[in-house]
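Participant: Protein sequence lines, in the order shown, are assigned to chains A and B. Position 22 of the first sequence, counting from 1, maps to 22 under our numbering, and the rest follow consecutively. Position 29 of the second sequence, counting from 1, maps to 29 under our numbering, and the rest follow consecutively.
These aren't lab readings, by the way, just hints derived from the structure by calculation. Each hint can be trusted.
Derived lysine-lysine pairs resembling DSBU-like cross-links, with alpha carbons at most 35 Å apart:
1. B:K113 - A:K241
2. B:K137 - A:K331
3. A:K331 - B:K113
4. A:K241 - B:K229
5. B:K229 - B:K294
6. B:K8 - B:K238
7. B:K35 - A:K241
8. A:K257 - B:K113
9. B:K137 - A:K241
10. B:K137 - A:K126
11. B:K8 - A:K257
12. A:K241 - B:K30
13. A:K241 - B:K238
14. A:K257 - B:K137
15. B:K8 - A:K241
Partner residues are not named here, just some residues of chain A that face chain B (Cβ under 7 Å, in silico):
16. D242
17. V243
18. A246
Beta carbons are placed, not taken as given, at the ideal position from N, Cα and C, and that holds for glycine.
One-letter residues, chain by chain:
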Amino acid sequence: MATYDFLFDTLGLRAWCDGGKTSTAPSSMAELLAATGTQKQTSLLDLPFPSLNELNKACKAFVQSRDVTNGVEDGFIAIKGVLRFVLDPLTQPLSWMLNGTLAAFEAIPWFLLLPALALLTYFASKSIRLVGFVIICLLLLSVVDLYGHAMQTLAIIFVCAFLCVLFGVPIGISMSRSDRLQGAITPILDMLQTLPPFVYLIPLIFLFSVTEPKLYGIAIILYAIVPVIRLTNLGIRLVDKDVIEAAESFGMTDRQKLFGVQIPLALPNIMAGVNQTIMMSLAMVVIASLVSAPGLGVLVLRGIRNLELGVGLLSGLGIVLLAIMLDRVTKAALNRVNAAQKR
Amino acid sequence: MIQISIRKLYKIFGADPQSALRHIMDGMSKADLLKLNGHVLGLRDINIDMREGEITVIMGLSGSGKSTLIRHLNRLIEPTSGEIHVDGEDVLAYDESRLRDLRRQVMSMVFQKFALLPHRTVAENAGTTLEVRGVTKREYLAEADRWLNRVGLHGYANHYPHQLSGGMQQRVGIARALTSNSPIMLMDEAFSALDPLIRTDMQDLLLELQTELHKTIVFITHDLDEALKLADHLVILKDGGIVQQGDPQNILLNPGDRYIEDFVSDINRARVLRVRSIMVPLDGRSLPTDADGKADHDDTLESMIARSGGDTSHRYIVMKDNAPVGTLDMKDLVKALVPRMASAGEDSRGAGSVRKEL
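Could you put the whole structure together from the sequences, leaning on the hints where they help?
Facilitator: Next comes the structure, spelled out in structure tokens:
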């Protein structure tokens, strides 16, 4: 006697219930108790929510909740082969890029790589103070033998951030031109941003081998691409309507308008999106190390696993230092872009 | 020669303008239409002819539809019904590429809030109208320089818009429109955002340029003094419809209805009215022998009052291009200083009466 028996009896579905297939799940506690005849007294306050499990107790034709989760898994495993076939070649370039950049950063000796990074900082920010800050940070990391790991992390961040911008900006531009597209993509972005990264690591591990770099590459890109898409879309939509009207009145084509007016004026917002994307890539570093990414994340994990406080904290601080460096440099580049556009 | 011709233009804003149009054609008012289905009547039955080489001023209060009207000319807004002919061709039938050509080469626009591109220099901004046509950078910068000098911005070519004052930014806007060398210039309240002294300078600049270039200018404003100073042809809009249009002097002397009377009641008639509007044409009569002097047909009444010393018995011969065309009696002049009432028999109306809320 289950609580919701009355529902099916009154609806006249008793025959359908008992005649349908029985659940393949093993007996639940309630069923065993019912079989022995010991039924505890239930009052109205104990009325359970009519969930699948509850309804299943009353009517075997309803699936249980565990059948739903099993069904998702079975479905995924069924299409896994096809997905792999399609996605593997598409994502192979990502593996090549990651492997190539990691190899390059490891092959170039430190006395060439560190000055190269300093030069890059100067090129982006035109600020000697910032170059000095970056050099000091890199020296600090190298002195405590974190140079190798830090460079590996940097290599991964460069590749992933580059790809995020490469794909994110065009998606953002398309979203800004169509309200319907924005309505369709925004829920996906919401999901990517709030779904715990561990959760979408699970199907990724199913699809790609853990030894391949593209696994963590895709995980990082999925997590970090959201800010640049959102802010590109926002930046273009926020461009002054009067300037757009003027551009139209001079007979600009859509392309001229996009590259001549909309993108330049949206650039501060786009750069803010790039800055956030880089920060979020760094946030994923430790989780990426769970699935074989090299770099500072590996040391953090080691610290957690072996309870080595010093190692964990120091490499964690190393990640923070990298984050501060990248944040300052991209902000300085952003300010240079803004200076040319102060209204 | 008529360059722009607008015929039976209607514009209704809303989800289903065509069905709202039927109501309007049946005579429904703007307020009633809004109450019925939330549609807004933007323009009602606009018919205007704009002549080549003239400045046509469209004026009205806020909400009268003047900005909507000017945006129909280059189809930044599409009409609900009606026709617009430019140089004999129906602009509304243009496809995208011909419309683009129209905007690039036939018309140029100046905006109230300047609408300059903040990430480009002044010279690059002025050259935008040529750049969209594919002209090389060197050529369009040279042309832009020429026009920047002409509007008085010599030396500012490499500045950025945010470094310039409002008046200077609008000069860049005007230079930008002039660089395209288009025969038609649309100016949407171009001077409304400027302070009064700068505004006078810009109006003088525009008139000076017009004597050289003879462009067909369509000018929107809500300032009556500006309209009277600039207009060759004046159109007054109210709630989307034309109340009166014609020669500005004529509108002053013969206001069509109470609305126009109220509109023009505050202006300095002595400074605005010209001798040619008041004079009695010669029509073959012989010249009077007792004239006190000669007056030019374009002289203001104010200057004539000063010349006559306030003596209403004086008479003058009116000259145009060194030939006599009429006579001016100071008594007629003084009578013209008082606004004429469109509605006869209302003696109580005067300076102290209550103004209708427009």
